[in-house]
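Chemist: In case you want the letters, here they are:
Protein chains: 6
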Amino acid sequence: MKCLVLDEKMDYDGSQISSLWAYNLEDIQEDSIIAFRGVCDVKIEHMIDLEDKKQGDIIFSTDMIHFIIEHFDSSDLKLIYSRQRLFTAIVKEVLSEYHNDIVRQGDDLFVNGKKLTVSIASTSAVSQKIHFGINVVHDFYGSFEDLGLGNDDVAGLMDKIAKRYYNEFIDIEKDLRKSRPLDVI
Amino acid sequence: MKCLVLDEKMDYDGSQISSLWAYNLEDIQEDSIIAFRGVCDVKIEHMIDLEDKKQGDIIFSTDMIHFIIEHFDSSDLKLIYSRQRLFTAIVKEVLSEYHNDIVRQGDDLFVNGKKLTVSIASTSAVSQKIHFGINVVHDFYGSFEDLGLGNDDVAGLMDKIAKRYYNEFIDIEKDLRKSRPLDVI
Amino acid sequence: MKCLVLDEKMDYDGSQISSLWAYNLEDIQEDSIIAFRGVCDVKIEHMIDLEDKKQGDIIFSTDMIHFIIEHFDSSDLKLIYSRQRLFTAIVKEVLSEYHNDIVRQGDDLFVNGKKLTVSIASTSAVSQKIHFGINVVHDFYGSFEDLGLGNDDVAGLMDKIAKRYYNEFIDIEKDLRKSRPLDVI
Amino acid sequence: MKCLVLDEKMDYDGSQISSLWAYNLEDIQEDSIIAFRGVCDVKIEHMIDLEDKKQGDIIFSTDMIHFIIEHFDSSDLKLIYSRQRLFTAIVKEVLSEYHNDIVRQGDDLFVNGKKLTVSIASTSAVSQKIHFGINVVHDFYGSFEDLGLGNDDVAGLMDKIAKRYYNEFIDIEKDLRKSRPLDVI
Amino acid sequence: MKCLVLDEKMDYDGSQISSLWAYNLEDIQEDSIIAFRGVCDVKIEHMIDLEDKKQGDIIFSTDMIHFIIEHFDSSDLKLIYSRQRLFTAIVKEVLSEYHNDIVRQGDDLFVNGKKLTVSIASTSAVSQKIHFGINVVHDFYGSFEDLGLGNDDVAGLMDKIAKRYYNEFIDIEKDLRKSRPLDVI
Amino acid sequence: MKCLVLDEKMDYDGSQISSLWAYNLEDIQEDSIIAFRGVCDVKIEHMIDLEDKKQGDIIFSTDMIHFIIEHFDSSDLKLIYSRQRLFTAIVKEVLSEYHNDIVRQGDDLFVNGKKLTVSIASTSAVSQKIHFGINVVHDFYGSFEDLGLGNDDVAGLMDKIAKRYYNEFIDIEKDLRKSRPLDVI
Numbered sequence: 005m006k007c008l009v010l011d012e013k014m015d016y017d018g019s020q021i022s023s024l025w026a027y028n029l030e031d032i033q034e035d036s037i038i039a040f041r042g043v044c045d046v047k048i049e050h051m052i053d054l055e056d057k058k059q060g061d062i063i064f065s066t067d068m069i070h071f072i073i074e075h076f077d078s079s080d081l082k083l084i085y086s087r088q089r090l091f092t093a094i095v096k097e098v099l100s101e102y103h104n105d106i107v108r109q110g111d112d113l114f115v116n117g118k119k120l121t122v123s124i125a126s127t128s129a130v131s132q133k134i135h136f137g138i139n140v141v142h143d144f145y146g147s148f149e150d151l152g153l154g155n156d157d158v159a160g161l162m163d164k165i166a167k168r169y170y171n172e173f174i175d176i177e178k179d180l181r182k183s184r185p186l187d188v189i
Numbered sequence: 005m006k007c008l009v010l011d012e013k014m015d016y017d018g019s020q021i022s023s024l025w026a027y028n029l030e031d032i033q034e035d036s037i038i039a040f041r042g043v044c045d046v047k048i049e050h051m052i053d054l055e056d057k058k059q060g061d062i063i064f065s066t067d068m069i070h071f072i073i074e075h076f077d078s079s080d081l082k083l084i085y086s087r088q089r090l091f092t093a094i095v096k097e098v099l100s101e102y103h104n105d106i107v108r109q110g111d112d113l114f115v116n117g118k119k120l121t122v123s124i125a126s127t128s129a130v131s132q133k134i135h136f137g138i139n140v141v142h143d144f145y146g147s148f149e150d151l152g153l154g155n156d157d158v159a160g161l162m163d164k165i166a167k168r169y170y171n172e173f174i175d176i177e178k179d180l181r182k183s184r185p186l187d188v189i
Numbered sequence: 005m006k007c008l009v010l011d012e013k014m015d016y017d018g019s020q021i022s023s024l025w026a027y028n029l030e031d032i033q034e035d036s037i038i039a040f041r042g043v044c045d046v047k048i049e050h051m052i053d054l055e056d057k058k059q060g061d062i063i064f065s066t067d068m069i070h071f072i073i074e075h076f077d078s079s080d081l082k083l084i085y086s087r088q089r090l091f092t093a094i095v096k097e098v099l100s101e102y103h104n105d106i107v108r109q110g111d112d113l114f115v116n117g118k119k120l121t122v123s124i125a126s127t128s129a130v131s132q133k134i135h136f137g138i139n140v141v142h143d144f145y146g147s148f149e150d151l152g153l154g155n156d157d158v159a160g161l162m163d164k165i166a167k168r169y170y171n172e173f174i175d176i177e178k179d180l181r182k183s184r185p186l187d188v189i
Numbered sequence: 005m006k007c008l009v010l011d012e013k014m015d016y017d018g019s020q021i022s023s024l025w026a027y028n029l030e031d032i033q034e035d036s037i038i039a040f041r042g043v044c045d046v047k048i049e050h051m052i053d054l055e056d057k058k059q060g061d062i063i064f065s066t067d068m069i070h071f072i073i074e075h076f077d078s079s080d081l082k083l084i085y086s087r088q089r090l091f092t093a094i095v096k097e098v099l100s101e102y103h104n105d106i107v108r109q110g111d112d113l114f115v116n117g118k119k120l121t122v123s124i125a126s127t128s129a130v131s132q133k134i135h136f137g138i139n140v141v142h143d144f145y146g147s148f149e150d151l152g153l154g155n156d157d158v159a160g161l162m163d164k165i166a167k168r169y170y171n172e173f174i175d176i177e178k179d180l181r182k183s184r185p186l187d188v189i
Numbered sequence: 005m006k007c008l009v010l011d012e013k014m015d016y017d018g019s020q021i022s023s024l025w026a027y028n029l030e031d032i033q034e035d036s037i038i039a040f041r042g043v044c045d046v047k048i049e050h051m052i053d054l055e056d057k058k059q060g061d062i063i064f065s066t067d068m069i070h071f072i073i074e075h076f077d078s079s080d081l082k083l084i085y086s087r088q089r090l091f092t093a094i095v096k097e098v099l100s101e102y103h104n105d106i107v108r109q110g111d112d113l114f115v116n117g118k119k120l121t122v123s124i125a126s127t128s129a130v131s132q133k134i135h136f137g138i139n140v141v142h143d144f145y146g147s148f149e150d151l152g153l154g155n156d157d158v159a160g161l162m163d164k165i166a167k168r169y170y171n172e173f174i175d176i177e178k179d180l181r182k183s184r185p186l187d188v189i
Numbered sequence: 005m006k007c008l009v010l011d012e013k014m015d016y017d018g019s020q021i022s023s024l025w026a027y028n029l030e031d032i033q034e035d036s037i038i039a040f041r042g043v044c045d046v047k048i049e050h051m052i053d054l055e056d057k058k059q060g061d062i063i064f065s066t067d068m069i070h071f072i073i074e075h076f077d078s079s080d081l082k083l084i085y086s087r088q089r090l091f092t093a094i095v096k097e098v099l100s101e102y103h104n105d106i107v108r109q110g111d112d113l114f115v116n117g118k119k120l121t122v123s124i125a126s127t128s129a130v131s132q133k134i135h136f137g138i139n140v141v142h143d144f145y146g147s148f149e150d151l152g153l154g155n156d157d158v159a160g161l162m163d164k165i166a167k168r169y170y171n172e173f174i175d176i177e178k179d180l181r182k183s184r185p186l187d188v189i
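Chains as they are written, first to last, in the numbering used here: chain A, 5 to 189; chain B, 5 to 189; chain C, 5 to 189; chain D, 5 to 189; chain E, 5 to 189; chain F, 5 to 189.
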């Protein structure tokens with residue numbers, strides 16, 4: 005698995021959730037987690053969550069850090085959703101080192117009752133993907149500011165979160181290779 | 005999915021990780037999470053983790069709360085391990101409401117540097133299972149006592165943790181039924 | 005699983021076989037069977053069966069009852085086709101309570117040598133679906149009239165057939181949760 | 005797929021449900037349906053259905069026709085249970101040519117309110133199997149006698165039922181090879 | 005499985021890699037390998053390999069023999085890629101009967117250091133496919149001429165290679181139906 | 005994936021085909037290919053191929069090189085059998101550098117009409133495995149001697165073959181991560 009934090013800023017318009025984006029961007033031929041910072045402005049044609057689409061939701065934020073995860077080992081929806089929730093819990097664990105009262109509800113994180121994150125997961129015929137975005141600043145929703153985090157903390161957090169997921173994945177892959185099958189009553 | 009907290013105490017000897025234990029115990033014909041309290045004393049023939057078996061580990065605790073999760077929707081090792089890590093993160097989230105410095109490393113929780121939990125996951129040809137145990141008291145390892153939790157808190161916590169996983173599972177099942185497939189670059 | 009019989013009429017133009025139609029229509033976030041009554045007029049771009057498409061078949065009927073089944077638990081073609089045949093057999097069982105000589109050939113039902121039904125099944129990356137239509141009246145093909153069934157029977161039959169499949173599904177899910185794996189010679 | 009009706013009688017003791025029985029018996033290296041006639045006397049160690057095992061059920065009949073189906077294309081429990089229900093519906097369709105009021109409830113057939121059949125399905129790591137037995141004569145349960153069928157009809161029915169499943173399977177395999185994937189709303 | 009060698013020439017423009025091409029062409033409702041001879045000129049919109057697409061590669065050859073393989077038994081990328089490599093090895097085995105120094109690197113064959121073949125594999129929601137092309141003549145790349153093979157050898161080789169894969173597939177399907185599951189340490 | 009050639013000799017008695025043998029031996033928590041040299045004497049209880057078992061075959065050779073491959077990414081029989089055939093073709097490619105007329109038939113290699121190798125593949129609920137053995141010397145069957153290879157060549161060949169499979173696996177994993185899904189006719 006490849007863990008990559010982009011130096012340059014890049015906007016998230018929803019096309020990055022497409023399968024094979026990582027290969028197209030950086031010739032990555034492994035499973036991957038890629039972090040970058042930029043505007044979030046999801047075009048309607050890239051909306052994966054039909055609830056957003058139906059409600060004509062605007063998914064917009066002027067400054068977010070984004071994580072794009074891609075796995076090619078399965079096209080099982082249940083697996084990618086479990087991984088999405090696990091990733092959300094990991095983000096909460098990292099951010100809780102800075103602020104005590106972060107609340108997770110499914111794939112959403114909240115601070116002081118304000119929504120801090122957006123996320124979606126799905127699959128194509130060839131890969132599974134997760135997008136996860138966290139507001140750096142926001143007038144209405146929660147953001148790094150509510151956590152007492154400033155501009156100088158952003159790069160470090162992108163790195164820390166991406167590496168935490170990378171390590172969790174490696175650790176899972178190792179653990180499942182030393183367990184024998186279950187007995188049956 | 006069935007969520008059940010047993011009133012009576014029951015010892016965990018490792019046979020409860022076997023597939024179909026829930027059916028045998030309570031005629032449960034759903035996916036399930038069952039919580040109970042009792043001694044933990046895993047017999048060598050029930051050890052699923054070969055690392056424990058090789059090292060001749062003793063998995064023993066005089067008083068634990070146990071969670072047994074069974075899913076019949078897949079026999080994919082990657083899925084049950086993702087679910088195990090997610091469950092571990094959920095337990096951490098619940099316990100963190102009582103104590104600030106709980107640390108998760110994979111499927112283990114630590115308090116004050118002391119290991120608080122044991123866990124294993126695997127699959128048979130018919131179902132996937134997770135066992136997760138938390139020390140209520142322990143002379144050497146971490147326990148509820150280190151979290152400032154006493155005997156009166158045990159039943160409530162068993163219920164809270166089991167329901168949290170149950171709700172997470174229901175929520176995942178609903179979320180994956182409103183997401184369209186990914187585009188491809 | 006959700007079982008729903010629509011009160012209002014609705015035409016079937018083939019778009020209803022698309023994945024996530026049930027969510028779009030009624031915010032359903034479960035597996036589902038939805039029954040409704042209306043014209044059947046399948047547009048060429050919605051034809052799933054390439055045999056129909058190649059032959060330029062017209063799939064048209066002025067009055068049909070329609071069943072749309074969606075499962076999110078697998079994308080295995082073999083499973084959805086087995087479910088389609090099972091559903092066809094269920095419809096035959098229900099209709100045979102009204103008329104003795106209904107014949108099933110694969111996913112087709114015949115009465116007095118006249119084709120009574122149309123059906124298709126397939127999968128996307130996120131869900132499996134079945135469409136099954138039965139003529140209420142028809143000048144050329146078989147219809148409810150050939151079974152001695154009139155307008156007053158339609159709503160009751162939609163309900164009976166949908167519930168029968170729903171119950172079969174629930175029953176299967178329960179049965180597979182009490183069977184141990186096979187031995188091997 | 006191989007369709008085979010054994011001439012000689014053979015007792016069913018539950019070991020025939022084991023994976024690879026067909027290879028062991030007749031060197032069959034295809035998916036298969038094998039029919040034979042004989043006593044049914046299932047030993048407790050071969051019971052797959054834990055409900056029978058728990059209740060100490062005796063599964064015994066002095067004269068039955070047996071069908072053993074084995075598929076190697078999947079180890080999905082949902083698939084083999086759908087196939088079992090479809091097979092049950094096929095048996096009902098065949099027997100209904102001789103008697104009007106056969107009732108199917110899941111994997112059971114009833115005549116005059118009396119249970120006519122036994123069945124189980126499960127999977128190992130290498131194959132899926134179904135056993136289905138129909139009483140030829142029985143003092144208490146339903147049997148061919150209740151259908152007005154005698155000794156002379158048995159061989160013909162074994163052949164007819166086995167061929168009907170064989171043909172259904174072939175037909176499904178062909179149908180799923182001409183259907184394009186679903187669109188998505 | 006169907007093995008078919010087309011008499012008439014046909015150009016390969018990349019559309020033949022689409023799922024269900026064999027059904028559309030010849031009403032084939034089995035897994036299949038189809039061989040034909042013709043120009044190779046892959047349009048950009050049919051390019052499956054993003055590496056080719058990124059580099060604006062021209063995939064062009066005036067005279068090739070083409071093999072199109074389609075399997076409907078799985079949509080696992082790992083399986084179709086293993087089958088592609090096995091097919092490449094089979095082609096090498098056949099061609100090595102005519103020339104000693106053919107080298108295989110993944111899914112490519114080389115003669116005298118010159119690339120002799122092109123290949124791609126992928127999956128849709130309904131089937132897996134492989135395209136494999138071998139130059140008959142070529143000014144720059146390797147071709148049958150480098151193997152000492154002329155126009156008269158072409159039809160025979162198309163037949164030999166297609167049958168070899170067909171036989172390998174049949175043989176695998178038989179072998180996997182006589183192996184018991186693994187024990188576990 | 006881990007590629008390991010053991011320095012010390014070890015006999016193959018069939019227990020090495022069991023899942024998790026690599027973890028037990030060397031704490032390997034990756035997919036793996038392990039090569040070693042030793043007697044081959046497969047005990048009847050470790051025979052995976054029922055054909056051998058039925059025929060009471062003796063699988064014995066005083067001096068063989070052995071390859072044990074284990075993958076945890078799937079329990080699909082079709083995948084492990086495709087990998088077994090691919091591995092057999094790889095061994096042929098390597099040995100053909102030393103001798104011209106090696107013939108592959110499925111998972112067997114022959115030299116001068118004499119069988120040179122033994123192989124089996126299967127799956128448990130947790131992993132897939134392949135055993136492949138090549139005679140170093142043999143009075144009756146083919147061996148390295150028939151290829152003009154002596155004792156000094158053995159270690160080099162174990163290494164070359166193991167690395168070739170390792171590299172093929174890595175290459176496949178990379179290739180499947182740059183291919184977009186198929187279109188559909």
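Hints are supplied without guarantee of correctness; some may be wrong.
Pairwise CB distance ranges, derived in the manner of DEER restraints [to be verified]:
| # | chain 1 | residue 1 | chain 2 | residue 2 | range |
| --- | --- | --- | --- | --- | --- |
| 1 | C | Lys-119 | D | His-103 | 35 to 45 Å |
| 2 | E | Asn-104 | F | Lys-178 | 24 to 34 Å |
| 3 | F | Glu-12 | E | Val-43 | 35 to 45 Å |
| 4 | A | Lys-119 | E | Phe-64 | 47 to 57 Å |
| 5 | B | Asn-171 | E | Phe-64 | 53 to 63 Å |
The hints are simulated quantities; they were obtained by calculation from the structure and are not laboratory data.
Cβ atoms here follow ideal geometry from the backbone N, Cα and C, with glycine treated the same way.
Chemist: So, for every hint listed, does it hold in this structure?
Modeler: Each hint, compared with the structure:
Our hint of 35 to 45 Å for Lys-119 of chain C and His-103 of chain D is violated, since their Cβ atoms are close to 27 Å apart. Checked against the given bound of 24 to 34 Å, the beta carbons of Asn-104 of chain E and Lys-178 of chain F, roughly 29 Å apart, stay inside it. Range check, Glu-12 of chain F to Val-43 of chain E: about 57 Å between beta-carbon atoms, so the 35 to 45 Å window is missed. For the pair Lys-119 of chain A and Phe-64 of chain E, the beta carbons lie near 53 Å from each other, so the given range of 47 to 57 Å is met.
At about 58 Å, the beta-carbon gap between Asn-171 of chain B and Phe-64 of chain E stays in the expected band of 53 to 63 Å.
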